[in-house]
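A.B. asks: One line per chain: the protein sequences are A, B and C, in this order.
In short: position in the first sequence from 1, add 219, done, that's the working numbering.
In short: position in the second sequence from 1, add 302, done, that's the working numbering.
In short: position in the third sequence from 1, add 1208, done, that's the working numbering.
Be a bit skeptical, because a hint or two may be false.
[To be verified] Under the rule of at most 27 Å between Cα atoms (straight-line distance), these lysine-lysine pairs were calculated in the BS3-like manner:
#1 B/K410 x A/K455
#2 A/K335 x B/K305
#3 A/K750 x A/K780
#4 A/K501 x A/K445
#5 A/K501 x B/K410
#6 A/K791 x A/K455
#7 C/K1269 x B/K410
#8 A/K781 x A/K645
#9 A/K387 x A/K501
#10 A/K700 x A/K815
#11 A/K431 x B/K305
#12 A/K700 x A/K645
#13 A/K431 x A/K802
#14 A/K791 x A/K815
#15 C/K1435 x C/K1351
#16 C/K1413 x B/K313
#17 A/K781 x A/K700
#18 A/K431 x A/K455
#19 A/K802 x B/K313
#20 B/K426 x A/K455
#21 A/K445 x A/K700
#22 A/K800 x A/K815
#23 A/K627 x A/K714
#24 C/K1347 x B/K410
#25 A/K387 x A/K335
#26 A/K387 x A/K267
#27 A/K387 x A/K714
#28 A/K602 x A/K714
#29 C/K1596 x A/K537
#30 C/K1413 x C/K1351
#31 A/K225 x A/K431
#32 A/K445 x B/K410
#33 A/K714 x A/K781
The set of hints was computed from the structure by calculation and includes no laboratory data.
Nothing here was measured: the structure is a model prediction, and the numbers come from that model.
Okay, here's what each chain looks like letter by letter:
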Amino acid sequence: MAWTEKILRVNLTQGTVTPEPLNMDWAMQYLGQRGLASKYLAAEIDPKCDPLSADNKLIMTTGPLTGTSASTAGRYSVVTKGPLTGAIACSNSGGFLGAELKNAGWDMIIFEGRAKSPVYLYVENETAEIRPADALWGRTVWETDAMLHRKHQDPLLRIATIGRAAEKGCLYAAIVNDLHRAAGRSGVGAVMASKNLKAVAVRGTRGVGNLKDPARFLQSTAAAKKLLAESGVTGKGLPTFGTQVLMNVINEVGALPTRNGSAVQFDGARDISGEAMREPRKTDHRPNLTTNAGCFACTIACGRISTVDRGHFTISNKPEYWGASGGLEYEAAWALGTDTGVSDLDALTYANFLCNEDGMDPISFGATVAAAMELYQIGALTKTDTGGLELNFGSAEALVRAAELTAKGEGFGLELGLGSKRLCAKYGHPEFSMTVKGQEFPAYDPRGIQGMGLTYATSNRGACHLRSYTVSSEILGLPVKTDPLATEGKAELVKTFQDVTAAVDSIGLCVFSTFAWSLADIAPQLDAACKGEWNAARLLEAGERIWNLEREFNNAAGFTKKDDTLPERMLKEPAGTGPAKGKVNNLAAMLPEYYKLRGWTEEGVPTAATRRRLGLGA
Amino acid sequence: MLKSLHIEAEKCTGCLQCELACSYRGEGVFNPAKSRIRVFTFHDEGRFAPYTCTQCAEAWCLHVCPVEAIIDNPATGAKEVVAGRCVGCKVCTIACPFGTINYNQDRKIVHKCDMCGGDPECVKSCPTGAILFLDADQTGLSRMRKYAGQQIHS
Amino acid sequence: MRHVILGAGPAGVSAAEIIRVTEPDAEIKLIGAEPEPPYSRMALPYLLSGRIDAAGTHLRKTPGHYAANRIEVIHDRATRVDPANHTLMLAANGNIRFDKLLIATGASPIIPALPGSDSEGVYPCWTLADARNIIARAKAGAKAVLIGAGFIGCILLEALVTRGVRLQVVEMADRMIPRMLDRTAAGLLRQWCESHGVAIHTSAKLSAIDQTAGRLAAQLENGRALKADLIIIAAGVRANTQFLQGSGIDIDTGALVNAHLHTSAEDIYAAGDVCQGRDFSTGQYDVHAIQPTAVEHGRLAALNMCGRNIAHQGSINMNVLDTLGLVSASFGQWDGGSDSAEFSDPAGYRYLNLQFQEDVLTGAQAVGLIEHVGILRGLIQSRLRLGKWQARLLHDPTRLMEAYIGASRNISFFSRV
C-alpha cells in the first residue's frame, strides 16, 4: 500500500480542516508527491490565477515510499503555481518533515484560500488544527522552530515554516523544514506567506506500513542500498564532499557560470570547493565542514553541516551563528560565490545560513545579486539605488549585506527579493537576467554543457538543474558518457532524464539516488510496497504523463514556445576559456527534435495522440 | 561470550535507518516514534548520538517491575519485556536512570531494546557502521554495566 | 544463618532473593499476612480494570519459584518482636527465632473514623480481597465515589472508569495529588479528568457515610450528599508498626533505620513502606511508600543482613501515574530549587517543571511526557553537572536527553573531518 490514502484539506478562508480519501485512480496514474499533487492542482485551480491570490492552492505532499526504510525515502514536495515564474512550481525537500507527515497518516495536505490573520497548522496524527500564529509572524525560521518546539513541549515535532523573506514579499522565498532543509525553488514560500500560513508543525506516531509484500520490500530495498554504497558517487563522492564534489569538476570543464555568466571558469573555485570545506582553516585550524548528515532514511548522507570561524568578520560579534548548521551545497556555493565572484568560503557559509534562517532560495538570491553586481558594474545601478551598498563583484561584504537585507526584507533587499528578471527589467538591462521563465538558472553553463541548455529552456518550473540532470551523463558519465559540447542525441537524453526524474520525484525518493539507481532498481522497491504493478516501463510512462500534465498547465497559464529559450548571453556570447571556448548553446539544434520526441506540435503543445497515449484525455 | 551493542557516535549521520529497522521489527511498521534505539541530534555541535539500553547488570527496570514482566535472557544478556505480563504501570520508565524503557501508548505496555534476540536489526541497518555488535569485553560493557549499577547504589 | 523476612511484598521478596544469591546456604523464611502468594498492590488496579487475573498480580510468575530458591513462604501475622531474644511471635505458628530479621510489613490504608465508614459497600482498595469486593459492586453504570485523589486514588480512578462506573472523586486538599503535583500540573489533571466525565470535588471533606435502604451516600462537610453504589476509600496509608509497640525498636512515622537500613535493634532491619529510610534529595529519613523505594530497600537491606556493609545513598521519591491516558510523573524535590524552568501547553495537556540547585537537577514534574522520562531520575541521582546544557534546558526543557547525553559525554565542538 504505502499510501495512507488520506488527504487533509485545509481551507484557510473558512478555517476548516477536512479529511478526504486520496483519489487512488489518480495515484495509479501519477504516483504521489510531484505527479499526484500536480494532478490535484491542475484539477482544482485556474492556471491563469494570480499565484499570490487566495485562488491559488498550496499542496504539501509525500510520495508512496516516503516514510519507509527505502534509502532516501524521506522526501516531500510543495506544489503550487509559482509567483516567481507564473508556471507550475514543485519544490522538493528532504529532512524529516515528509516522513513525519506520512507517519501521522497523511499523504497530502491541500491548503486553499487565505487566513484573515497569521496561522499555523498543527498536525498530531489524526488531529489537525489551525492555530493563531500572530506571535510567530515576523520571526525567522529558526526562531519559529524553537518557539513551536517550546510551545508544544515536543522535541520530535517536525516543522516547516517560512521566514521573514517570504513575509516581505521575496518571490523566491523558500519553505524551510528541520531548520535547514528547504523546498527552495520557485517561491513556494511566498505563496505560503500570501495565505497567512506561517508554519506547519507535524507529529506522527502511527507508522508507515501495510506493505504489499513486506519480505520482498526488505529484500529489494537492501539490494538497492547496496548499489548506493558501492557507487563511487553515492557511496563515496557525495558523503565525502557533498554536492560540492562538483565545484572543481565543473570549473575544469569550463561550464561554471562566473560573475553573472560573463565567464565560464572561476579562479576562486578551488577556495570554495568541497575539498576546501574539509581543510583546516588557517585562522582557527578547524575545517568549515563539521560533519555530513543524512536526511530521513538516506544512506548517502550528502548533507553538509558547517561551522563558520568565530573570528570571521561575518559572525565575530554574533554568537548566535557560532554553532553548526546547514552548510553549502554546490548550487548554493556557486550562486553565492562563483556567480558573485566571492571566494570567501566562510562568507558564503554565513550567507547560506541566512538563506536557511529566513527562508530564501540561495540559487535565485545569489544569481540576483550577481545580476545586480553586473548592473552596478556598468553603472545602471548606483549607490543611491542600493542605499549605499557597493555591489562589486567579488565583495564578500556586499554579498552578506545583501543577504541580510533580503532575508529581513529591508531597503534594497526588497528589490533583490523580486528576482533578477524584475530587477534587470527595472534598471533597463533585461539581458543581464540569467533566467528562463523568470527563474534563475543554476551552476551549469549551457555553453559548456549543451544538454543543460535544453534542460533549462524546457523545464516546467523555470530554469532548473533538477528537472533533467544531464550533467550526470555529459560530465560524470552516468549511466553513459555523452559529449557535453555536442547537441546530437541531447533531445532524447533530456526527455529521458525529465521523465525519469518526474517519476522519482513522485515516489518519495531523492533524485540523487539515480546516480546509482535506474528505474529498474526503483521499480521493485515500489512494487513490493504498493498496490498496483510497477515496473520500469510503467514508471517511465508515469514520468512522461506527469511532464505533459505540467506542460499543459503552463500552456494554459499562457506560456508558449517563445518561453522555451535561454538568456541571450548563453545563445550569443561565446565562452571565453576552457574546453568550451568559443561555444554558445545551440538550443535551436535541439528544441525542434525535442518537441517531436515529446509528441508535441511545433508550437510545443502535446498532440491529441500524445494526450490519448498518456491518458490525459482526448 | 555475551555480545553487546557498541555505538560509535562519530560515524552516525542521523539518517534513522536504525530507528526504522528497530520499529519495523518491534511494531511491524516503520515508525521512529516507537523505536527502541533513538538518534539524538546535537544541531549546534553538528553531532548525532544513537542511544539505547546498555542492558545494565543492575537493571532497575527489571528489579522494580511489580509483576516480573521484565526478565533477563541468559542467552543474550538482554533484559526483555514479557508483553503478556506487563500491566503498563510505568514504574520501570521512571526507575531506569537512562530513560531507555518507554511506554507504548498504542500497545499499552512498555518497550525496550531486547537486542533482537541476539541479531540486532539496528546493527544490520546502519549504513556507516556506527552501531556494532561486539563481544562484551571488547566494548567495555562490563565496566559500563558496573558503572550503571554503582550510580544507583553508592 | 536464619533470615526471617516479615512481609511478602516487593521489599520482602526482593530481599529474600538477594539473600539467596549472596548466602547460598542461608535459611530464609518469608512471612506474609495474606493468604495469597506474594503479589503486588501496584497491580490491583489492573485486576480491577479486568486487564489481568489474580495470577497476573503475583510478584513472581515461575511456578515453584520460592521453593526452588529455598525460600519458605509462611502465611501468618506477627504479633510481637523480642529483639533481645532474637525471637518473633506469630499469631498461628508461635515463636520463631531469627539471626537476622527484616521488617517489611508495609502499610495499611487509613479508614477515617466517621459514622458509617464500616458500612457494606465501603472499601479501601489495598488487598486482593478488597479488589474482589470492589469488582463485585463496580458494574457498568454503577455510581461510585472515590474518597481521596492522592496517588493511589488516581491509580484506581482509571480502573473504575474502565469498568464503566459513573465516578465522583472527593479530595480534602485544594487539588489532586498535592504530594506529587503542583497547582499547574494538578489543574491540568483535573481538567483532563473532568473532560473524561469524572467529577472532581476538591477542598471537600467526608463527614459521614449514610446507608439507608441499601443505598449509600457520601456526606460531605459542605452539606452535599453523593449517592453511590460503592464508596472506595483511598485516604492515605500508615506504616504497619503496631506490632512493634513495646519492642524497643524506634518508631516515628515508620520504623527508624540508619543508612544501612538497620533499626535501633541489633540484627533487625526494615525496608519498604514500613521503613522510614533515607531520602536521596533531603538526606532526611522519610517513609516513601513507593514501589522503587521498596525494592531498593529490600535489596540493600538484604546485602547488609548478609554482612555487606553498604550504605544507602537514599531513595528518590518519585511517582508515575496514568490517568485515563494522561501520564504524569514527579521526581525528587519538585517543589523547590534555586533555579527552575517551567513550560506548559495547557491545550496540549503538557507541562514540564524542572528544579535545579546550581547546574544540577534536583526535582521535576512532567505531565504528558512519556518518552525517556527516566532520565529525570538519572539526572537527579547522578547529580550530573549540566554546565552549558543547563542554559539550553532553561530555554527548552524538553531537550532532556540531549542535555543528559551532552553533559555526560562532554559533547562540545566536534569535527570528524
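A.B. asks: Work down the list of hints and note, for each, if the structure agrees.
C.D. replies: We went through each hint and held it up to the structure:
no.: 1; hint: B/K410 x A/K455; in the structure: violated, 44 Å
no.: 2; hint: A/K335 x B/K305; in the structure: violated, 60 Å
no.: 3; hint: A/K750 x A/K780; in the structure: violated, 38 Å
no.: 4; hint: A/K501 x A/K445; in the structure: violated, 38 Å
no.: 5; hint: A/K501 x B/K410; in the structure: violated, 56 Å
no.: 6; hint: A/K791 x A/K455; in the structure: violated, 38 Å
no.: 7; hint: C/K1269 x B/K410; in the structure: holds, 20 Å
no.: 8; hint: A/K781 x A/K645; in the structure: holds, 22 Å
no.: 9; hint: A/K387 x A/K501; in the structure: violated, 38 Å
no.: 10; hint: A/K700 x A/K815; in the structure: holds, 24 Å
no.: 11; hint: A/K431 x B/K305; in the structure: violated, 35 Å
no.: 12; hint: A/K700 x A/K645; in the structure: violated, 42 Å
no.: 13; hint: A/K431 x A/K802; in the structure: violated, 52 Å
no.: 14; hint: A/K791 x A/K815; in the structure: holds, 25 Å
no.: 15; hint: C/K1435 x C/K1351; in the structure: holds, 7 Å
no.: 16; hint: C/K1413 x B/K313; in the structure: violated, 61 Å
no.: 17; hint: A/K781 x A/K700; in the structure: violated, 31 Å
no.: 18; hint: A/K431 x A/K455; in the structure: violated, 33 Å
no.: 19; hint: A/K802 x B/K313; in the structure: violated, 45 Å
no.: 20; hint: B/K426 x A/K455; in the structure: holds, 20 Å
no.: 21; hint: A/K445 x A/K700; in the structure: holds, 23 Å
no.: 22; hint: A/K800 x A/K815; in the structure: violated, 30 Å
no.: 23; hint: A/K627 x A/K714; in the structure: violated, 40 Å
no.: 24; hint: C/K1347 x B/K410; in the structure: holds, 23 Å
no.: 25; hint: A/K387 x A/K335; in the structure: holds, 17 Å
no.: 26; hint: A/K387 x A/K267; in the structure: holds, 24 Å
no.: 27; hint: A/K387 x A/K714; in the structure: violated, 37 Å
no.: 28; hint: A/K602 x A/K714; in the structure: violated, 45 Å
no.: 29; hint: C/K1596 x A/K537; in the structure: holds, 18 Å
no.: 30; hint: C/K1413 x C/K1351; in the structure: holds, 19 Å
no.: 31; hint: A/K225 x A/K431; in the structure: holds, 18 Å
no.: 32; hint: A/K445 x B/K410; in the structure: violated, 37 Å
no.: 33; hint: A/K714 x A/K781; in the structure: holds, 19 Å
Checked against the numbered hints above, the structure violates hints 1, 2, 3, 4, 5, 6, 9, 11, 12, 13, 16, 17, 18, 19, 22, 23, 27, 28 and 32; every other hint is satisfied.
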